[in-house]
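J.: Sequence:
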Amino acid sequence: MNEGKRRLVMALGMLAFALGWAGVFLPGLPTTIFWILAALAFIRTNRRMYEKVVAHPRFGPGVRRFVEEGTISRRGKLVSISAMMGFATVGALAMPPIWLKILVIGLASAGSTWVALIPTPERRAARARAPEALEKAE
1 MNEGKRRLVM ALGMLAFALG WAGVFLPGLP TTIFWILAAL AFIRTNRRMY
51 EKVVAHPRFG PGVRRFVEEG TISRRGKLVS ISAMMGFATV GALAMPPIWL
101 KILVIGLASA GSTWVALIPT PERRAARARA PEALEKAE
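With our numbering as the guide, the letters of the sequence shown map in order to residues 1 to 138.
Be a bit skeptical, because a hint or two may be false.
Claimed, not checked - Straight-line C-alpha distance at most 30 Å; calculated DSSO-like pairs for lysine-lysine:
#1 52 - 77
#2 5 - 52
#3 77 - 101
Hints in this document: simulated from the structure, not taken from any laboratory.
Hey, can you work out the whole structure from these sequences and the hints?
T.: If you want it as structure tokens, here you go:
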């Protein structure tokens, strides 16, 4: 990665990290997704900052699991989908135009579907064991 691109990715990572940090204190502003974006930027540009993000006692393990394994815990899915749909519903109720209500609920539904389709660590482990079980059965 050339130096200009590296600096841009690093700056975007810092912005995502700052937005995630604000989300710790502001209801409705998510933390984890911004820290996942920051971790993805930092893993390519600044390993020390990546380690800082994933070392956070509350959010770090989930960020690390998603970035390194591509999984989300069941509890993480439940919290994420509930928050997305809850805040989208509250937001849609506050918006007068019907098309905007439909758009907000539709986007939250699409995001929730995507989160629901991401494997859990348990499901990923079960899939990894499946070929072994088939071999033993033969």
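J.: So, for every hint listed, does it hold in this structure?
T.: Hint-by-hint comparison with the structure:
no.	hint	result
1	52 - 77	holds (23 Å)
2	5 - 52	holds (22 Å)
3	77 - 101	holds (24 Å)
When each numbered hint is compared with the structure, no violation occurs for any of them.
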